[in-house]
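Engineer: The chain contents come next:
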Amino acid sequence: MSDGKLTCKEVARILSDGLDADMAPAERARLRLHLVVCEACRNVEQQFDLLRRLMRKAGPGQRDDTPDDER
Amino acid sequence: MGPLEQELAELHKPLLRYAKLQLRDEAAAEDAVSATLLAILEKPDAFRGGSSLRTYATGILKHKLVDQIRSRSREVAIEPLDEQSLDEALDALFDDTGHWCERPLAWVEPERAVEQAQMMQALERCLENLPARLARVFMMREWLEKETHEVCDELGITPNNCHVMLFRARMLLRACLDTTWFQRAAP
Chain A
621 MSDGKLTCKE VARILSDGLD ADMAPAERAR LRLHLVVCEA CRNVEQQFDL
671 LRRLMRKAGP GQRDDTPDDE R
Chain B
20 MGPLEQELAE LHKPLLRYAK LQLRDEAAAE DAVSATLLAI LEKPDAFRGG
70 SSLRTYATGI LKHKLVDQIR SRSREVAIEP LDEQSLDEAL DALFDDTGHW
120 CERPLAWVEP ERAVEQAQMM QALERCLENL PARLARVFMM REWLEKETHE
170 VCDELGITPN NCHVMLFRAR MLLRACLDTT WFQRAAP
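So the sequences go chain by chain: A and B.
All residue numbers for the first sequence refer to this note's numbering, where the first residue is 621 and numbers rise by one.
All residue numbers for the second sequence refer to this note's numbering, where the first residue is 20 and numbers rise by one.
Looking at chain B on its own, in the form it has when it is part of the complex (with noise of 0.2 Å):
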């Protein structure tokens, strides 16, 4: 193997890991991640070392994720949401007076790299533990950064359901922090 194949070979893993968290589906993260690494062979002139080969890779992967989600969002089979008990898990942070029973208290945001890593970690292990469909929607939102009218196009669900979808996630990823990471007791 050249020096690129060696470093592709390195990233697989990596690349596949995120391809995951977004599509939450094992074949069609592995087709996403495929796809970048024939990309990147069938062009390697193209990556110029301006970036480093991972961020070249990452940005590559986006698209082929998109158009991942673009071909298959309506015949993947993804875990339906149990939007009951979801709903009652939210609704129980706040007592009848819409006021938090328990208040979110500040994060005070890691200043070493090292910290800032586990918390990347952290975060990364609360988005594997969101239910699929809220993981989806979030994922194209804040890491794939679709505006929410071209998330909701593409999943083709409602703007509102979306904006609800978005809400929920939020939600359960600042409570799995907040719980995980900034060390709060669990509510």
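Chain A with its partners taken away, still in its complex shape (with noise of 0.2 Å):
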């Protein structure tokens, strides 16, 4: 950490924490250098943001929740 250099550990807390909270712009800019060299952590960005897409749009609609035993 010395070098000011995030894990991709660290990075998945700050990706969350992005989801939910405001992040310093110095906090930003390291973030967006270790998305620009690691598909991993890209990736895990990309899972974040569709689990929250899909949360908006969960709820008892989304599927026939009727087994089929009972109908």
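Hints in this document: simulated from the structure, not taken from any laboratory.
Ideal Cβ positions, reconstructed from N, Cα and C, are used throughout, including at glycine.
Just so you know, nobody snuck in bad clues.
Output of the computed footprint for chain B on chain A, the stretches with three or more beta carbons under 8 Å from beta carbons of chain B:
no.: 1; stretch: 629-641
no.: 2; stretch: 669-676
25 Å max Cα-Cα, derived BS3-like pairs, lysine-lysine:
no.: 3; chain 1: B; residue 1: LYS39; chain 2: B; residue 2: LYS83
no.: 4; chain 1: B; residue 1: LYS39; chain 2: A; residue 2: LYS677
no.: 5; chain 1: A; residue 1: LYS677; chain 2: B; residue 2: LYS83
no.: 6; chain 1: A; residue 1: LYS677; chain 2: B; residue 2: LYS81
no.: 7; chain 1: B; residue 1: LYS165; chain 2: B; residue 2: LYS83
Take the two lone chains, each set in its own frame, and fit them into one complex as the hints suggest.
Structural biologist: Right under this line is the structure:
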């Protein structure tokens, strides 16, 4: 951490925190730098985003809830 | 039964399933759903059919769930979180230098409606398997769409703890969905 670079483990936490609170510009820049060079963490960012989008759509209307044996 | 009652009867179970996902308490979930159905039956004219009854009822349910959480969050017995084993499990995803042991691969979102619905079902199963405390916080944030500070306040937890719980929930859910839906080998 002495060179200011983030690890993937730190990035995962920062990506999550970024969905819940504002991020300082310097922190955001360090995050973007890591994402530019790390495909795995870009995938995690995409996955956290998808989780959010799916949850916003989720709800009782999203599928037929009646089990077959109750029709 | 009139047509409205018939439709509500069909909605009862789906609403209850989501109420349970959020509250993790059978009796409280029943209460919230009953309050929802009652609110609709008391003012049937308020539903004008602009959206589906399902959507309308879900909107009311979300409000009732917030009410339930406000009145009961500090008294409902909820399964305690085994923080140590959870942290160990998350730590094990990374090597000593903080890199992923198994690098997460991109998810390809399904295009067909059938597959999208199946993916949603997989997510619901993952939510059911999430530790109760994490699920409650995560659902409040992402399904009830509460601001983080509201989630912390309503549940009486510190902001830092709130962020940690949301992080753990997201990590467990991404791993679960990755394994069960996107068909990667379990880590």
